[in-house]
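Enquirer: Letter by letter, the chains look like this.
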Amino acid sequence: MIQRSYTLKELASLVHGELIGQPETKVSGLSSLEQATSQQISFVNGDKYLEQALASKAAVLIVTRDLQAQLTTHQNFIVVENPYLAFAMLTHVFEIKKIDVGIESTAQIHPSAMISDTAYIGHYVVIGENCVVGDHTFIESHAKIDDGVEIGQKCFIDSHVTITGFSKIGNNVRIHANTVIGSEGFGFAPYQGKWHRIAQLGSVKIGNNVRIGSNCSIDRGALDDTILEDGVIVDNLVQIAHNVHVGENTAIAAKTGIAGSTTIGKNCILAGACGVAGHLKITDNVTLTGMSMVTKSIFESGTYSSGTGLFESGHWRRTIVRLRQLADVPLTQIVKRLDHIQTRIESLESTFNMRK
Amino acid sequence: MIQRSYTLKELASLVHGELIGQPETKVSGLSSLEQATSQQISFVNGDKYLEQALASKAAVLIVTRDLQAQLTTHQNFIVVENPYLAFAMLTHVFEIKKIDVGIESTAQIHPSAMISDTAYIGHYVVIGENCVVGDHTFIESHAKIDDGVEIGQKCFIDSHVTITGFSKIGNNVRIHANTVIGSEGFGFAPYQGKWHRIAQLGSVKIGNNVRIGSNCSIDRGALDDTILEDGVIVDNLVQIAHNVHVGENTAIAAKTGIAGSTTIGKNCILAGACGVAGHLKITDNVTLTGMSMVTKSIFESGTYSSGTGLFESGHWRRTIVRLRQLADVPLTQIVKRLDHIQTRIESLESTFNMRK
Amino acid sequence: MIQRSYTLKELASLVHGELIGQPETKVSGLSSLEQATSQQISFVNGDKYLEQALASKAAVLIVTRDLQAQLTTHQNFIVVENPYLAFAMLTHVFEIKKIDVGIESTAQIHPSAMISDTAYIGHYVVIGENCVVGDHTFIESHAKIDDGVEIGQKCFIDSHVTITGFSKIGNNVRIHANTVIGSEGFGFAPYQGKWHRIAQLGSVKIGNNVRIGSNCSIDRGALDDTILEDGVIVDNLVQIAHNVHVGENTAIAAKTGIAGSTTIGKNCILAGACGVAGHLKITDNVTLTGMSMVTKSIFESGTYSSGTGLFESGHWRRTIVRLRQLADVPLTQIVKRLDHIQTRIESLESTFNMRK
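Protein chains in written order, with this note's numbering: chain A, 1 to 356; chain B, 1 to 356; chain C, 1 to 356.
What the hints contain is simulated information worked out from the structure, not anything from laboratory work.
You may find that some hints are simply not true.
A pair counts as met if it fits within one copy or between any two copies, since identical chains are not told apart.
Claimed, not checked - For lysine-lysine, the following DSS-like pairs were computed, each having C-alpha atoms within a straight-line distance of at most 30 Å:
1) Lys154 - Lys168
2) Lys9 - Lys296
3) Lys194 - Lys296
4) Lys48 - Lys98
5) Lys98 - Lys168
6) Lys97 - Lys48
7) Lys281 - Lys205
8) Lys266 - Lys194
9) Lys97 - Lys205
10) Lys26 - Lys48
11) Lys168 - Lys26
12) Lys97 - Lys194
13) Lys296 - Lys205
14) Lys194 - Lys168
Please read these numbers as outputs of a predicted model, since none were measured by experiment.
Turn these sequences into a full structure, and let the hints guide you.
Expert: Written as structure tokens, this is what we have:
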């Protein structure tokens with residue numbers, strides 16, 4: 001584990017920012033505006049954080065030029081166009097990194113497996129027949145890399161991950177703890193009142209620069225493969241069923257589930273706890289807000305939503321009573337009938353010169 | 001691991017189908033119509049796949065008699081009544097099977113545990129006091145079989161599964177990676193503003209031919225047991241709380257949760273991400289579509305649904321505004337009032353011979 | 001493992017109840033009214049269980065004074081004000097406890113870690129640099145306690161739990177199997193069409209008397225910490241994102257997800273499968289019913305709900321059709337227009353002396 005401090009000059013250079021203040025100011029950490037100490041750097045993510053910035057004890061602030069002009073309380077700045085991005089870059093500078101290399105003595109590795117000399121294999125890891133582990137890949141304790149699985153370079157596989165079903169994992173992939181990749185899909189043929197298991201002969205293919213959170217389940221395909229393209233990011237507790245295809249750079253938030261054989265396009269954002277039914281096609285650049293329920297294909301890019309929102313419970317119960325009546329109420333006719341009736345009344349009234 | 005090729009004659013016999021074409025045609029794998037090579041067999045699951053079938057390179061097609069007549073492009077067929085079922089049967093022929101037997105040297109097994117000579121126990125498996133593991137059962141690496149757990153014959157327990165709480169597992173049960181069976185139920189007595197834990201004294205009983213996916217949580221009962229009857233199939237990331245009872249051959253898709261003490265009947269289908277509240281009774285042959293929310297018992301067989309469906313987000317926001325007004329709008333009265341008003345207008349009009 | 005029997009006198013004393021009947025009656029277990037044998041004790045949780053109580057074979061019943069008067073069928077009672085609480089207390093008496101102490105030979109513990117002499121560390125546990133494990137804490141097999149993690153006294157950490165990210169765990173905390181604490185939050189900066197990972201520099205702080213179920217994911221903070229205060233109880237498969245703050249004694253049921261930087265107050269109850277969006281504030285004493293969807297802060301204590309409830313599917317489909325029309329129907333105007341039209345008709349009618 002490595003942890004050191006940096007000068008303002010070093011940090012400004014790392015994020016290609018303009019330095020204002022004392023170049024030799026020492027910075028030992030990165031923190032929020034509120035919690036920053038006088039040895040730390042922080043960032044101001046827009047005008048709405050101006051007040052917090054004014055009160056912050058941070059030694060250095062990452063800001064836009066506009067913000068810098070308003071922060072007369074502070075002396076040291078890194079001026080950039082996008083402070084959030086500069087902050088994202090600096091998190092890697094201050095991250096405590098593990099730099100182990102080699103194979104712990106307790107790891108069980110099949111003689112046919114090919115493990116790079118620059119990989120790290122933790123305690124009690126089990127790696128099966130014909131597996132491949134690439135350069136600088138880090139496999140934490142207790143991971144299970146089953147027969148025929150291949151993992152690329154610079155990957156991070158956390159503890160208790162299970163990778164099976166001959167899955168192929170690209171480069172620079174991060175898979176967090178207790179996630180399962182390549183387990184068999186939920187495929188059963190109903191026959192004479194019972195469920196007959198369909199052995200799942202497909203696999204999982206995961207591209208480069210993919211990130212998968214903890215406690216996810218990504219099943220292998222029935223015949224063809226389940227595929228996550230390059231740049232896909234997935235949060236925790238996500239279900240990706242057999243034969244799903246997720247396009248490049250799509251982001252999937254926690255607790256979302258995607259049922260079998262559905263295709264999700266590129267650059268989509270699925271917020272938390274969405275449910276997407278099986279055998280659908282969702283085009284590129286679709287955003288689903290949280291808890292969206294998708295039962296039909298989406299052919300047009302855009303933002304989509306589901307659900308009733310939140311009600312005080314008494315109000316909710318009365319709303320549900322009405323909702324149950326709604327099917328039998330010809331909503332669109334009502335307004336037309338009202339208009340029609342109004343016309344007839346006006347005609348009656350004018351005939352008799354009533355109400356003016 | 002075993003992988004071999006078969007003749008058309010052998011495969012036709014295995015699925016009790018009629019062979020059309022060259023009996024000695026070699027088949028080395030099973031694939032989708034689209035991806036099949038000229039060494040593989042595929043299946044045509046109804047008329048809607050006819051076009052794909054015509055274009056398929058598959059060496060052999062599994063078809064109905066009707067479909068076969070239309071596929072003049074191909075020479076080799078297996079004709080059956082139910083091609084999907086025949087496909088399901090053949091998946092087992094082409095599945096790569098592990099056939100290990102014995103106990104890996106790194107497994108920790110309590111001397112009082114009884115492990116069949118024909119079972120396989122993987123690396124770093126831990127098996128506690130008085131456990132039983134039946135014939136031909138396969139326990140993958142890192143599984144934890146806690147004290148008093150009994151597992152029947154021909155079971156498959158994948159890596160990182162935790163079975164505890166004296167659970168009893170039947171024969172031919174498959175439990176996928178990282179699932180937890182028998183953990184303590186969420187039982188607390190509120191008293192003086194705090195939660196007092198209720199130790200969970202019940203267990204879990206799982207019947208024969210049950211399938212449980214990855215990352216599931218099935219809790220043990222508070223006093224009595226949590227029960228899954230024979231033939232139940234469960235997908236990934238499913239929550240089954242303490243004292244739930246699931247009837248025979250019921251299927252539960254991914255991300256569904258069933259709260260404590262609820263009873264689900266036989267032959268039910270719960271699609272993905274359903275939520276069933278506690279202490280309910282759901283009768284036999286009930287189907288819940290995806291994301292259904294069940295807060296009352298269901299006494300009639302049938303299909304049930306919840307949710308608003310998906311809206312373009314602007315449309316959704318305007319809909320929610322109206323939904324908030326709905327409780328105070330007497331929907332069923334509106335139509336009656338309209339009818340009544342119309343009658344009165346017609347009466348006025350006829351009195352004065354207006355509008356004919 | 002310990003299991004013994006108790007006298008009625010002993011049990012009455014343990015729950016501070018009044019003994020009625022034979023003090024030396026032997027009780028070997030605690031059971032539900034329905035399943036209790038004549039060697040077991042059971043409890044009557046209110047009048048609605050009176051019939052079951054009358055039919056119960058239990059040797060002893062825990063009852064209120066009122067109930068006791070009605071149960072002339074039985075001879076032995078413990079009379080208390082709150083039978084459910086007395087039952088909760090007795091579950092601990094009859095729980096089979098593990099009482100191991102010491103470190104299994106297969107555990108891998110970094111020399112810098114400080115493990116109490118009264119702790120138990122199971123098989124294949126891995127404990128990293130500078131970790132601390134307190135007195136009487138029990139860590140089950142295969143757990144991973146990563147570098148810098150500190151765990152207090154009298155904790156129970158079940159198998160396959162992963163604790164990482166320098167998390168700090170208080171005293172008397174229970175974490176169930178396969179849960180992940182301190183994994184990195186889902187933080188990415190979008191830039192030029194790609195997702196740039198933000199290394200997560202915060203940690204997780206868990207107070208005293210906290211309970212976390214199985215298969216949960218609790219992520220570490222981006223800069224500051226994710227915090228669960230004292231007395232929080234969490235069920236299975238729950239997602240708690242980075243920088244969430246959960247107040248004292250709040251209960252979170254299974255399958256709920258809380259997105260990043262949201263603050264939940266004290267004494268809240270979130271029922272199963274709720275979804276709370278990010279950057280919200282929920283005040284104290286809020287109850288959310290199951291599957292609630294929270295997209296705005298809640299400033300008033302109370303009970304809140306979401307969702308449509310369950311419909312027979314045909315009825316549901318017709319309802320959804322209407323719901324899609326709702327946005328364009330001016331609901332609140334309709335009733336006003338009806339009232340207005342009615343007034344005008346009455347005026348017309350009275351002018352002409354129609355209908356009296």
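Enquirer: If a hint holds in the structure, say so; if it does not, say that too.
Expert: Verification of the hints:
no.: 1; hint: Lys154 - Lys168; in the structure: both (14 Å within a copy, 29 Å between copies)
no.: 2; hint: Lys9 - Lys296; in the structure: neither (54 Å within a copy, 42 Å between copies)
no.: 3; hint: Lys194 - Lys296; in the structure: both (29 Å within a copy, 27 Å between copies)
no.: 4; hint: Lys48 - Lys98; in the structure: neither (36 Å within a copy, 54 Å between copies)
no.: 5; hint: Lys98 - Lys168; in the structure: both (24 Å within a copy, 20 Å between copies)
no.: 6; hint: Lys97 - Lys48; in the structure: neither (33 Å within a copy, 54 Å between copies)
no.: 7; hint: Lys281 - Lys205; in the structure: within (19 Å within a copy, 40 Å between copies)
no.: 8; hint: Lys266 - Lys194; in the structure: between (39 Å within a copy, 11 Å between copies)
no.: 9; hint: Lys97 - Lys205; in the structure: both (28 Å within a copy, 21 Å between copies)
no.: 10; hint: Lys26 - Lys48; in the structure: within (27 Å within a copy, 69 Å between copies)
no.: 11; hint: Lys168 - Lys26; in the structure: between (44 Å within a copy, 28 Å between copies)
no.: 12; hint: Lys97 - Lys194; in the structure: between (51 Å within a copy, 23 Å between copies)
no.: 13; hint: Lys296 - Lys205; in the structure: within (25 Å within a copy, 38 Å between copies)
no.: 14; hint: Lys194 - Lys168; in the structure: between (33 Å within a copy, 22 Å between copies)
Hint check: violations occur at hints 2, 4 and 6; the rest are consistent with the structure.
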